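Take the given structure of chain A and dock chain B to it, following the hints.
2 protein chains.
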Amino acid sequence: MKWLNEEDIQHIATGAAVLGTGGGGDPYIGKMLALSSIKQYGPVKMITVEELEEDHFVLPVSGMGSPSVLVEKIPSFDQLKAPLEAYEEAVGKKVDVVMPIEIGGVNSLIPVAVAAMKGIPILDGDAMGRAFPEAQMVTFHLDGLKPELVTLGDEKSNVVSIKPADGIWSEKISRQITIVMGGSSIVCDYGISGKQAKESVIPDTLTLAQQIGALLTNERTAKVHPIVQMLEKLNGHKLFKGKAIQIERKIQGGFTRGRATFEGSDENKESTCQLFFQNEHLLAEVNGKPVAITPDLIAVLDEETGMPITTEGLKYGARVVVVAFPAHEKWRTAIGIETAGPKYFKYDYDYVPLETLVKEADQ
Amino acid sequence: MKWLNEEDIQHIATGAAVLGTGGGGDPYIGKMLALSSIKQYGPVKMITVEELEEDHFVLPVSGMGSPSVLVEKIPSFDQLKAPLEAYEEAVGKKVDVVMPIEIGGVNSLIPVAVAAMKGIPILDGDAMGRAFPEAQMVTFHLDGLKPELVTLGDEKSNVVSIKPADGIWSEKISRQITIVMGGSSIVCDYGISGKQAKESVIPDTLTLAQQIGALLTNERTAKVHPIVQMLEKLNGHKLFKGKAIQIERKIQGGFTRGRATFEGSDENKESTCQLFFQNEHLLAEVNGKPVAITPDLIAVLDEETGMPITTEGLKYGARVVVVAFPAHEKWRTAIGIETAGPKYFKYDYDYVPLETLVKEADQ
Numbered sequence: 001m002k003w004l005n006e007e008d009i010q011h012i013a014t015g016a017a018v019l020g021t022g023g024g025g026d027p028y029i030g031k032m033l034a035l036s037s038i039k040q041y042g043p044v045k046m047i048t049v050e051e052l053e054e055d056h057f058v059l060p061v062s063g064m065g066s067p068s069v070l071v072e073k074i075p076s077f078d079q080l081k082a083p084l085e086a087y088e089e090a091v092g093k094k095v096d097v098v099m100p101i102e103i104g105g106v107n108s109l110i111p112v113a114v115a116a117m118k119g120i121p122i123l124d125g126d127a128m129g130r131a132f133p134e135a136q137m138v139t140f141h142l143d144g145l146k147p148e149l150v151t152l153g154d155e156k157s158n159v160v161s162i163k164p165a166d167g168i169w170s171e172k173i174s175r176q177i178t179i180v181m182g183g184s185s186i187v188c189d190y191g192i193s194g195k196q197a198k199e200s201v202i203p204d205t206l207t208l209a210q211q212i213g214a215l216l217t218n219e220r221t222a223k224v225h226p227i228v229q230m231l232e233k234l235n236g237h238k239l240f241k242g243k244a245i246q247i248e249r250k251i252q253g254g255f256t257r258g259r260a261t262f263e264g265s266d267e268n269k270e271s272t273c274q275l276f277f278q279n280e281h282l283l284a285e286v287n288g289k290p291v292a293i294t295p296d297l298i299a300v301l302d303e304e305t306g307m308p309i310t311t312e313g314l315k316y317g318a319r320v321v322v323v324a325f326p327a328h329e330k331w332r333t334a335i336g337i338e339t340a341g342p343k344y345f346k347y348d349y350d351y352v353p354l355e356t357l358v359k360e361a362d363q
Numbered sequence: 001m002k003w004l005n006e007e008d009i010q011h012i013a014t015g016a017a018v019l020g021t022g023g024g025g026d027p028y029i030g031k032m033l034a035l036s037s038i039k040q041y042g043p044v045k046m047i048t049v050e051e052l053e054e055d056h057f058v059l060p061v062s063g064m065g066s067p068s069v070l071v072e073k074i075p076s077f078d079q080l081k082a083p084l085e086a087y088e089e090a091v092g093k094k095v096d097v098v099m100p101i102e103i104g105g106v107n108s109l110i111p112v113a114v115a116a117m118k119g120i121p122i123l124d125g126d127a128m129g130r131a132f133p134e135a136q137m138v139t140f141h142l143d144g145l146k147p148e149l150v151t152l153g154d155e156k157s158n159v160v161s162i163k164p165a166d167g168i169w170s171e172k173i174s175r176q177i178t179i180v181m182g183g184s185s186i187v188c189d190y191g192i193s194g195k196q197a198k199e200s201v202i203p204d205t206l207t208l209a210q211q212i213g214a215l216l217t218n219e220r221t222a223k224v225h226p227i228v229q230m231l232e233k234l235n236g237h238k239l240f241k242g243k244a245i246q247i248e249r250k251i252q253g254g255f256t257r258g259r260a261t262f263e264g265s266d267e268n269k270e271s272t273c274q275l276f277f278q279n280e281h282l283l284a285e286v287n288g289k290p291v292a293i294t295p296d297l298i299a300v301l302d303e304e305t306g307m308p309i310t311t312e313g314l315k316y317g318a319r320v321v322v323v324a325f326p327a328h329e330k331w332r333t334a335i336g337i338e339t340a341g342p343k344y345f346k347y348d349y350d351y352v353p354l355e356t357l358v359k360e361a362d363q
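Just so you know, the sequences run in chain order A and B. The first sequence: position 150 = 150 (full-length UniProt numbering), numbered continuously. The second sequence: position 185 = 185 (full-length UniProt numbering), numbered continuously.
Keep in mind the hints are simulated off the structure, nothing from the lab. Do not rely on the hints blindly, as some may be mistaken.
[Claimed, not checked] Pairs of lysine-lysine, DSS-like flavour, derived with a Cα cap of 27 Å:
hint: 1; chain 1: B; residue 1: Lys81; chain 2: A; residue 2: Lys172
hint: 2; chain 1: A; residue 1: Lys172; chain 2: B; residue 2: Lys172
hint: 3; chain 1: A; residue 1: Lys81; chain 2: B; residue 2: Lys195
hint: 4; chain 1: B; residue 1: Lys146; chain 2: A; residue 2: Lys156
hint: 5; chain 1: B; residue 1: Lys359; chain 2: A; residue 2: Lys172
hint: 6; chain 1: A; residue 1: Lys233; chain 2: A; residue 2: Lys243
hint: 7; chain 1: B; residue 1: Lys346; chain 2: A; residue 2: Lys146
hint: 8; chain 1: B; residue 1: Lys94; chain 2: B; residue 2: Lys81
hint: 9; chain 1: B; residue 1: Lys93; chain 2: A; residue 2: Lys93
hint: 10; chain 1: B; residue 1: Lys146; chain 2: B; residue 2: Lys238
hint: 11; chain 1: B; residue 1: Lys195; chain 2: B; residue 2: Lys330
hint: 12; chain 1: B; residue 1: Lys156; chain 2: A; residue 2: Lys346
hint: 13; chain 1: B; residue 1: Lys343; chain 2: A; residue 2: Lys146
hint: 14; chain 1: A; residue 1: Lys156; chain 2: B; residue 2: Lys346
hint: 15; chain 1: B; residue 1: Lys233; chain 2: A; residue 2: Lys94
hint: 16; chain 1: B; residue 1: Lys156; chain 2: A; residue 2: Lys343
hint: 17; chain 1: A; residue 1: Lys94; chain 2: A; residue 2: Lys45
hint: 18; chain 1: B; residue 1: Lys45; chain 2: A; residue 2: Lys156
hint: 19; chain 1: B; residue 1: Lys250; chain 2: A; residue 2: Lys81
hint: 20; chain 1: A; residue 1: Lys346; chain 2: A; residue 2: Lys315
hint: 21; chain 1: A; residue 1: Lys93; chain 2: B; residue 2: Lys94
hint: 22; chain 1: A; residue 1: Lys172; chain 2: B; residue 2: Lys156
hint: 23; chain 1: B; residue 1: Lys45; chain 2: B; residue 2: Lys195
hint: 24; chain 1: B; residue 1: Lys146; chain 2: B; residue 2: Lys330
hint: 25; chain 1: A; residue 1: Lys233; chain 2: A; residue 2: Lys223
hint: 26; chain 1: A; residue 1: Lys343; chain 2: A; residue 2: Lys359
hint: 27; chain 1: B; residue 1: Lys250; chain 2: A; residue 2: Lys156
hint: 28; chain 1: B; residue 1: Lys93; chain 2: A; residue 2: Lys94
hint: 29; chain 1: A; residue 1: Lys250; chain 2: B; residue 2: Lys172
hint: 30; chain 1: A; residue 1: Lys359; chain 2: A; residue 2: Lys172
From a predicted model like this one, the values you see are computed outputs, not experimental measurements.
Same shape as in the complex, but just chain A (with noise of 0.2 Å):
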């Protein structure tokens, strides 16, 4: 258990960044969030997946739609309550923790937020231990939960609850409800116990982010570069480094979809990387050949100062390192593949793990 103070919000939010960087445009929209709400309603109290009680209801609170729009449509105090109270409406119980669905932008602080205005502790942990696009792309689907009660928000205070027939049904209704609220909303899922958060939480990982953060904002007085630092802590690998030379990126079917190519420099030089993105960077191409895959997790680093980029603010010109780090092994399971793996999101790749395939690229 620990009381969250305004610089582990700052790491969290650089963090964040780190582990899913598409969640939020400006990564920094959670932070103001967190902190005003924490300055109006009071200090939030972060406990461990052990600290957990097995009956208590633990919630997730996350913001859902194209990062585009979140940028432009900051949600108020009221929308980040009001599907976490008709969800409480709706079970009969109170919500005693609220937890991140995933880690990655303004995801990881929403639910700081909200603790904050109910005056319950956060769980660190989180349900995909990273960032990925789609609702049903959690621990809890893999470990064969059905999200019996989605509830969602918007900012002119429509709250809309689903009794989805499964987990696919619950990701295609509230996508559509997010669009037609104008492209995001706040949604509450997978309500559940400390039993069986026990078993289903990736743990720890708001410390994680929290732990990246503080690397990285600590980068000029370190010795080692915060960009080695962190492959370290995450057994990750450099893939590229280079230059962005073009981006595309549309808004379609509530997410932001698009491409960013970079040009190589210095070990790379004369070589082309490709990044295929869903709000989340999800396939990486050096010279058409793919040097990680979904679900294991791609990274675009600024080269100077290792501070996270996300898809939304990636720029033209920009001199970045992109990195990857593996999966939680949750993930690399059939069940998890066929999930967020290549082939749902239509590459026409089957999943190799990043360790194989950083192998391959070095013989």
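Just chain B now, kept in the frame of chain A:
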């Protein structure tokens, strides 16, 4: 109070297709659902608006979406009752009386099927006095009531509850959900007290549909042509006699939209009539001039038998009489015209009452 028998239901199905020519593609889907539900669950009692008690809880049930889809995707009993049960659960009380939201095609008889299933009466009245294509086009809206709660269900067992910001958002959100549900859904909205129903409901419209159905069914023995009888009964006007020569239809935004063109015969020889529809016929032009404009009711009848031809059922070569009937006085107010008049549907006319247009055409 009366118990609905099989003949009543046949007549309602037929008559309702005059008052709402879009609702349900084949108006007999409603009949089939009502009759099979009564067979399985028992008879249905119809009560008048006067017989309602002030503290009764009255709930409309209807089908939403494109009639073209409903024909292909007939709802199950479970789907028909799920939105009502979700509504009961959300408000914490049992429904005493169901009612049709509109008189038209399938939507006058879906509530009969649900009434049989739940063993409760159906109200003889509706919230349109005809059929309109959008959810906010109801007398409740004209009387300033908000749809506090909307519930929707589909055949895959998805159930969605909406607390909309207002009637327009109710329509927008439920329309999108209906589209993602595959193009049609079952909906409950505007759950009201008996007291409110007495103020807002247009009374006796199921009986009206039944009487129209009866006179159409008895046409072979009648001395006066059923079209003439119907025009008298509803203060209607014959607009055009001719043959369908072109029908354009597309499923768009969750509606069937299109245009039907007729070439005149007999007294209309050398003339052309065009009907513009969005599920319902909304505008009739003869030789490019408007002769009937929404919210007044436009219907297409078989020249021989007077039987209504739905927007779905209209085929090339059909020999028809186009008729129109004045809307209920609630629709001819400023808010009525704003809600369901020509400008709302983007037709570039001011609303002119049917009687005036007919008088002008005669001069």
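Results for each hint:
1. Annotation: proposed proximity of lysine 81 of chain B to lysine 172 of chain A holds, straight-line Cα distance about 23 Å (limit 27 Å).
2. The hinted pair formed by lysine 172 of chain A and lysine 172 of chain B meets the criterion: a straight-line CA distance of about 16 Å does not exceed 27 Å.
3. Annotation: proposed proximity of lysine 81 of chain A to lysine 195 of chain B is violated, straight-line Cα distance about 34 Å (limit 27 Å).
4. With a CA separation close to 15 Å, the supplied pair lysine 146 of chain B and lysine 156 of chain A stays within the 27 Å bound.
5. For the hint linking lysine 359 of chain B to lysine 172 of chain A, the alpha-carbon distance of about 52 Å lies beyond 27 Å, and the restraint is violated.
6. A hinted pair counts as satisfied when its Cα atoms are at most 27 Å apart, and lysine 233 of chain A with lysine 243 of chain A qualifies at roughly 25 Å.
7. A distance of roughly 43 Å separates the Cα atoms of lysine 346 of chain B and lysine 146 of chain A; the hinted pair therefore is violated under the 27 Å criterion.
8. A distance of roughly 13 Å separates the Cα atoms of lysine 94 of chain B and lysine 81 of chain B; the hinted pair therefore holds under the 27 Å criterion.
9. At most 27 Å may separate the alpha-carbon atoms for a hinted pair to count; lysine 93 of chain B and lysine 93 of chain A meet this at roughly 19 Å.
10. Between the alpha carbons of lysine 146 of chain B and lysine 238 of chain B the distance comes to roughly 37 Å, so the proposed pair goes past 27 Å and is violated.
11. Between lysine 195 of chain B and lysine 330 of chain B the CA atoms are separated by roughly 18 Å; this keeps the pair inside 27 Å, and the hint holds.
12. Of the pairs offered as hints, the one joining lysine 156 of chain B and lysine 346 of chain A holds, with about 25 Å between alpha carbons and a cut-off of 27 Å not exceeded.
13. Distance check on the hinted pair: lysine 343 of chain B and lysine 146 of chain A sit about 45 Å apart at the alpha-carbon level, beyond 27 Å; violated.
14. A threshold of 27 Å between alpha carbons decides the hint, and for lysine 156 of chain A with lysine 346 of chain B the separation of about 25 Å falls inside it, so the pair holds.
15. Taking the CA atoms of lysine 233 of chain B and lysine 94 of chain A, the gap is about 58 Å. The hint is violated against a cut of 27 Å.
16. Under the criterion of a C-alpha separation no larger than 27 Å, the hint pairing lysine 156 of chain B with lysine 343 of chain A is consistent with the structure, at around 25 Å.
17. With a C-alpha separation of about 17 Å, the suggested pair lysine 94 of chain A and lysine 45 of chain A falls inside the 27 Å cut-off, and the hint holds.
18. With a C-alpha separation of about 41 Å, the suggested pairing of lysine 45 of chain B with lysine 156 of chain A is violated against the 27 Å cut-off.
19. Of the pairs offered as hints, the one joining lysine 250 of chain B and lysine 81 of chain A is violated, with about 41 Å between alpha carbons and a cut-off of 27 Å exceeded.
20. Pair hint lysine 346 of chain A plus lysine 315 of chain A holds up; C-alpha atoms about 26 Å apart against a cutoff of 27 Å.
21. With a C-alpha separation of about 22 Å, the suggested pairing of lysine 93 of chain A with lysine 94 of chain B holds against the 27 Å cut-off.
22. With a CA separation close to 13 Å, the supplied pair lysine 172 of chain A and lysine 156 of chain B stays within the 27 Å bound.
23. Restraint check for lysine 45 of chain B and lysine 195 of chain B: satisfied, since their Cα atoms lie roughly 20 Å apart, inside the 27 Å limit.
24. Only pairs whose Cα atoms come within 27 Å are accepted, and lysine 146 of chain B paired with lysine 330 of chain B is accepted, the gap being roughly 17 Å.
25. Using a Cα cut-off of 27 Å, the hinted pair lysine 233 of chain A and lysine 223 of chain A holds, with the two alpha carbons roughly 16 Å apart.
26. Proximity of lysine 343 of chain A to lysine 359 of chain A is assessed by CA-CA distance (about 23 Å); at most 27 Å being required, the pair is judged to hold.
27. With a C-alpha separation of about 31 Å, the suggested pair lysine 250 of chain B and lysine 156 of chain A falls outside the 27 Å cut-off, and the hint is violated.
28. A C-alpha spacing of about 22 Å is found between lysine 93 of chain B and lysine 94 of chain A, which places the hinted pair at or below 27 Å, so the restraint holds.
29. Restraint check for lysine 250 of chain A and lysine 172 of chain B: the C-alpha separation of about 23 Å stays at or below 27 Å, so the hint holds.
30. Between the alpha carbons of lysine 359 of chain A and lysine 172 of chain A the distance comes to roughly 38 Å, so the proposed pair goes past 27 Å and is violated.
Violated hints, in rising order: 3, 5, 7, 10, 13, 15, 18, 19, 27, 30; the structure is consistent with all others.
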